[in-house]
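K.L.:
Okay, here's what each chain looks like letter by letter:
Protein chains: 2
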Amino acid sequence: MRKELKPYSLCLNFESGELSFYNKKVEIKLSDLKNFFSNREAVESKLTKGEDPLIYSYYDCVQPPVRGEMSFGVTRILPGKIGDEYNHTRGHYHTDGGAGEIYVGIKGEGFLLLQKRDGSCTSEKLERGRVVYTPTDWNGHRTVNTGKDELVFLTIEQADSGHDYETIKEKGFAKLVVERNGKPVMVNNSRYK
Amino acid sequence: MRKELKPYSLCLNFESGELSFYNKKVEIKLSDLKNFFSNREAVESKLTKGEDPLIYSYYDCVQPPVRGEMSFGVTRILPGKIGDEYNHTRGHYHTDGGAGEIYVGIKGEGFLLLQKRDGSCTSEKLERGRVVYTPTDWNGHRTVNTGKDELVFLTIEQADSGHDYETIKEKGFAKLVVERNGKPVMVNNSRYK
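If you're matching them up, the sequences are chains A and B in order. Going by the working numbering, the letters in the first sequence line up with residues 1 to 193, in that order. Going by the working numbering, the letters in the second sequence line up with residues 1001 to 1193, in that order.
If we strip away everything but chain A, and leave its shape as in the complex, we get (with noise of 0.2 Å):
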């Protein structure tokens, strides 16, 4: 028999994106994203100097992955570029049927990519205040951080949505975000497979 959960509550800090609770924390660094970045040799360098910078890190309160619960949390990507492109997550297709997920934009700037199965993709703005509705087919997700500022985020998405980040690791996301006279710009990623 499953354990029975029960209801709890925690504050969010509209302000600052914190979390006073959180069951799961991950800090991923440049060299956790070797192969997520467009510039291979960009990211070598700054390996072979010896810097490994923070890109981003999430504080989660998961649930169990059982049909019908939910799982949130708060995302932080720090602003900066590898190469013209953008710092971002390394972006996760969902694998199970609850593949629908809510972003709610805390600060910062950046765009949510959003791509299905087949390659098509699009994006919406994450801005404070902005949510984002990502229906289940769209379930391929990369958060990009274009401003000066960290970008926070919180998420909701349903327990069992499972996260493949091997499919993206192998084939990436078919746009990338990158630098142009100083503006952020979508382009076409050659090394999508």
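Calculated directly from the structure, the hints in this document are not laboratory data. If you're wondering where the values come from, they're calculated on a predicted model, not measured in any experiment. In this text, a Cβ means the ideal position worked out from N, Cα and C, and glycines have one as well. Treat the hints with care, since some could be wrong.
Said to hold, decoys possible - Derived PhoX-like pairs (lysine-lysine); straight-line CA-CA distance at most 25 Å:
#, chain 1, residue 1, chain 2, residue 2
1, B, Lys1171, A, Lys6
2, A, Lys171, A, Lys29
3, B, Lys1003, B, Lys1024
4, B, Lys1107, A, Lys107
5, B, Lys1116, A, Lys3
6, A, Lys6, B, Lys1116
7, A, Lys171, B, Lys1006
8, A, Lys116, B, Lys1003
9, A, Lys169, A, Lys34
10, B, Lys1029, B, Lys1148
11, A, Lys49, A, Lys34
12, A, Lys6, B, Lys1125
Unchecked claim - Quick list of the computed label-pair ranges, beta carbon to beta carbon:
#, chain 1, residue 1, chain 2, residue 2, range
13, A, Pro64, B, Gly1050, 46 to 56 Å
14, B, Glu1004, A, Pro65, 20 to 30 Å
15, A, Pro65, B, Val1062, 18 to 28 Å
Said to hold, decoys possible - Only part of the chain A face toward chain B is listed, based on derived beta-carbon distances under 7 Å:
#, residue
16, Arg130
17, Val132
18, Trp138
We have chain A already, so just place chain B on it with the hints.
P.N.:
Using the frame of chain A, we list chain B on its own:
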């Protein structure tokens, strides 16, 4: 074949709780809540005087009730009491598998009552920045405004989670939130079946 859903975004004002877009707006007046307050005489007294105040409204972004999709919206409960019972929503049980729900307080003060089908009842505080997790077993939900101002909160739920209002109408909630010496207290509901 079902219609393909597209990603979309909108703005949530973190101060007022206003949404820049919604596809369902519902206003609930006292006359819609006749059997949902314990003091039936207080309800009738107001209605016979021609008073039929707005008690709460909700602004929802509803997705089709399909496994995996998510719906969300903002609820606004006006301050006030009927007899000594604070203004509240009808309340619902979720009827389908995906019954987990997230509540995020935006402004005001109140409580979320949570009830199991066996009548077990508990509560979590609702206030600005408070995030409440409701697991599937605790799928009876009612929100209560115990403050002097509007209680405004965001809810995120699975689009196929279904709402059963009839059981609440017939049986009520096991607990009521009433004013005693100027403060909210939870008491047993003598009408609860």
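K.L.:
Give a verdict on every hint.
P.N.:
Hint by hint, here is what the structure shows:
| no. | hint | in the structure |
| --- | --- | --- |
| 1 | Lys1171(B) x Lys6(A) | holds (23 Å) |
| 2 | Lys171(A) x Lys29(A) | holds (20 Å) |
| 3 | Lys1003(B) x Lys1024(B) | holds (19 Å) |
| 4 | Lys1107(B) x Lys107(A) | holds (19 Å) |
| 5 | Lys1116(B) x Lys3(A) | holds (15 Å) |
| 6 | Lys6(A) x Lys1116(B) | holds (11 Å) |
| 7 | Lys171(A) x Lys1006(B) | holds (23 Å) |
| 8 | Lys116(A) x Lys1003(B) | holds (15 Å) |
| 9 | Lys169(A) x Lys34(A) | holds (9 Å) |
| 10 | Lys1029(B) x Lys1148(B) | holds (19 Å) |
| 11 | Lys49(A) x Lys34(A) | holds (15 Å) |
| 12 | Lys6(A) x Lys1125(B) | holds (15 Å) |
| 13 | Pro64(A) x Gly1050(B): 46 to 56 Å | holds (52 Å) |
| 14 | Glu1004(B) x Pro65(A): 20 to 30 Å | holds (26 Å) |
| 15 | Pro65(A) x Val1062(B): 18 to 28 Å | holds (26 Å) |
| 16 | Arg130 | holds (5 Å) |
| 17 | Val132 | holds (4 Å) |
| 18 | Trp138 | holds (5 Å) |
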